[in-house]
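Novice: Residues per chain are reported as follows:
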Amino acid sequence: MNNTGISLKEILLSSFDDIQAEVTDEQRLTVNCKKDSVVTVLSSLKNRGYNHLALISCLDWIKDNKLELIYILTSYTEESEKGKLNILVKTKIAREKAELHTVTSIFENAEPYERELHELYGIHFTGHPRLIPLFLEREYKIPPFRKDFDTKKYVEDVFDQVPFIKDKKGKK
Amino acid sequence: MRELELYFGPQHLGMVGNFSITLNVEGDRIIKATANPGFLHRGFEKLMEQRTWIQNFPLVCRINVVEPDHMELMYAMAVEKLAGIEIPERAQYIRSIYLELARVGSHLFGLWAYANMLGFDTVANWAMYHRDLILDLFEELTGGRVYHIYIWPGGVRRDFPEGFKDKIISTLHAIGSCVPDYDNTFFNNRIFYKRAKNIGKITHEEAIKMGAVGQVLRATGMKQDIRKIEPYAAYDQVEWEVPTRTDGDAYSRIWVVRDEMIESVHMIFKLLDKMPQGEAYTKIPNPFKWKIPGNETYVRCESSRGELGLYLVSNGEDKPYRAHFRTPSYNHGLTILEKALINESIADVGNIMISLYITAPEIDR
Numbered sequence: 055m056n057n058t059g060i061s062l063k064e065i066l067l068s069s070f071d072d073i074q075a076e077v078t079d080e081q082r083l084t085v086n087c088k089k090d091s092v093v094t095v096l097s098s099l100k101n102r103g104y105n106h107l108a109l110i111s112c113l114d115w116i117k118d119n120k121l122e123l124i125y126i127l128t129s130y131t132e133e134s135e136k137g138k139l140n141i142l143v144k145t146k147i148a149r150e151k152a153e154l155h156t157v158t159s160i161f162e163n164a165e166p167y168e169r170e171l172h173e174l175y176g177i178h179f180t181g182h183p184r185l186i187p188l189f190l191e192r193e194y195k196i197p198p199f200r201k202d203f204d205t206k207k208y209v210e211d212v213f214d215q216v217p218f219i220k221d222k223k224g225k226k
Numbered sequence: 270m271r272e273l274e275l276y277f278g279p280q281h282l283g284m285v286g287n288f289s290i291t292l293n294v295e296g297d298r299i300i301k302a303t304a305n306p307g308f309l310h311r312g313f314e315k316l317m318e319q320r321t322w323i324q325n326f327p328l329v330c331r332i333n334v335v336e337p338d339h340m341e342l343m344y345a346m347a348v349e350k351l352a353g354i355e356i357p358e359r360a361q362y363i364r365s366i367y368l369e370l371a372r373v374g375s376h377l378f379g380l381w382a383y384a385n386m387l388g389f390d391t392v393a394n395w396a397m398y399h400r401d402l403i404l405d406l407f408e409e410l411t412g413g414r415v416y417h418i419y420i421w422p423g424g425v426r427r428d429f430p431e432g433f434k435d436k437i438i439s440t441l442h443a444i445g446s447c448v449p450d451y452d453n454t455f456f457n458n459r460i461f462y463k464r465a466k467n468i469g470k471i472t473h474e475e476a477i478k479m480g481a482v483g484q485v486l487r488a489t490g491m492k493q494d495i496r497k498i499e500p501y502a503a504y505d506q507v508e509w510e511v512p513t514r515t516d517g518d519a520y521s522r523i524w525v526v527r528d529e530m531i532e533s534v535h536m537i538f539k540l541l542d543k544m545p546q547g548e549a550y551t552k553i554p555n556p557f558k559w560k561i562p563g564n565e566t567y568v569r570c571e572s573s574r575g576e577l578g579l580y581l582v583s584n585g586e587d588k589p590y591r592a593h594f595r596t597p598s599y600n601h602g603l604t605i606l607e608k609a610l611i612n613e614s615i616a617d618v619g620n621i622m623i624s625l626y627i628t629a630p631e632i633d634r
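Line by line, the protein sequences give chains A and B. Take 55 as the starting number for the first sequence in the working numbering and just add one per residue. Take 270 as the starting number for the second sequence in the working numbering and just add one per residue.
It should be emphasised that the hints constitute simulated quantities derived from the structure, not laboratory data. As the structure is a computational prediction, the values presented were derived from the model and not from experiment. Take these hints with a grain of salt, some might be off.
[To be verified] What the simulated footprint calls covered on chain A by chain B, stretch by stretch (three residues with Cβ under 8 Å from a Cβ of chain B suffice, anywhere in the stretch; the number is not a length):
| id | stretch |
| --- | --- |
| 1 | 124-131 |
| 2 | 136-142 |
| 3 | 158-166 |
| 4 | 189-201 |
Glycine included, every Cβ here is placed at the ideal spot set by N, Cα and C.
With the hints as constraints, model all of the structure from the sequences given.
Specialist: Listed below in structure tokens is the structure:
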């Protein structure tokens, strides 16, 4: 099937002892690692030529009380075989006081992704150069992309406060 | 000289789209630039979690106003992968032709914005007119001009109507016959050269380091195209080239866009020649009761701006658990733009921004 993925999986499993890796469908390699080893796993992958960070995403597993972060890497080099492989590096962190070390020192373009996750999921990235709001303009008690954020209730609370015209004095 | 802070956009005349940049300037030189997105944040990814698999189609195409078709493709491809749906060969060809038409339309729109920015109003109007001809094709094929909702899990919504192939050919010939005019008036024009050469320059190493994709990377000399690396639809069925340039400035980027348009048109002719007969879609389960087994997937394609990806997760319900789009403008607008603007003049902000092909709706989502 996919030799690049399988050989990379063997290399990763032999050099790190606390990770699980598996080649899922055709061109995808999934690596599960502990919270503390994310930075070392990502930098070792970067040294092996997987130099393009495509996405940092987050999943809210509210039933397990965990947040899962997904770093998607691929290779942008002249070697076409490596470029076919996408690596999904995953890690789980606690939902309360969610905190993780930044990866901006390894991938420069991680900066806006981490700002976005900080804002939408309430994850604090230690060592991030500017963890300031990116998209939102209002303050939220619960970060809005978490599963326990009730969009309907929020809209009712915030926007239904505007009085209707008929309630105003002197108007019908 | 005194350092001043200048708010560039969203109301500034030189700004295209709902985007804003805070510039620190000394005289006319930019010392520091801070991108400030969020004016178009509509929370699409959160809204998608509250709609069924099929209801999301009218939503995803609105993420990028300029080229909705690649967004549809991404979502359809992800759903197909999660649900294990095979698509017929003819549908693959139709998808490719449709997406290449969309790419030409999007590039013409980009050319309109760029030419307008440099004051080439005639070229801008031509580009807008030619984009309109492509929208006419879309209208006949799908019923909509801008948002088409044409790509569907299992293929496309309907087959080409009768005589549609000839209409594509005659429209593309009409546009192609104007390429010498475009070249004489714009691409080989000395004014364009002087305004764009060595402006917003990015070296190959910087581009790789900051995660550049699409034309921005190809303008630095790298043949990087997802259509070649991980072929989807029918892109592996025909021969075509990836155009590149080596200088990495605004001039190179716009030339790559021009070459790509011409390559796309040639590709459409080849695809039309080879297109097989058969079904245009496979049947999908009842969309009102459609539950997709729990799994996750990451799919990617080459949109007209570069690598576009979608990370989609299902937990076995009738709605997605999480959808996250990886859009090319995100890197270009938030990381590269801030670096590319340093030491340029205020008059070139729009020039650099459009040559990087940034669209605000794609960043904010």
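Novice: Take the hints in turn and mark each one as holding or not.
Specialist: We went through each hint and held it up to the structure:
1. Residues of the stretch 124-131 of chain A with a Cβ under 8 Å from some Cβ of chain B number 3, which satisfies the need for three, so the listed coverage holds.
2. As drawn, the stretch 136-142 of chain A meets chain B at 4 residues by the rule of a beta-carbon pair under 8 Å; at three or more, the given contact holds.
3. For the stretch 158-166 of chain A, the stated coverage by chain B holds: 5 residues have a C-beta nearer than 8 Å to a C-beta of that chain, and at least 3 were required.
4. Coverage of the stretch 189-201 of chain A by chain B holds [criterion: at least 3 residues with CB-CB distance below 8 Å; count 5].
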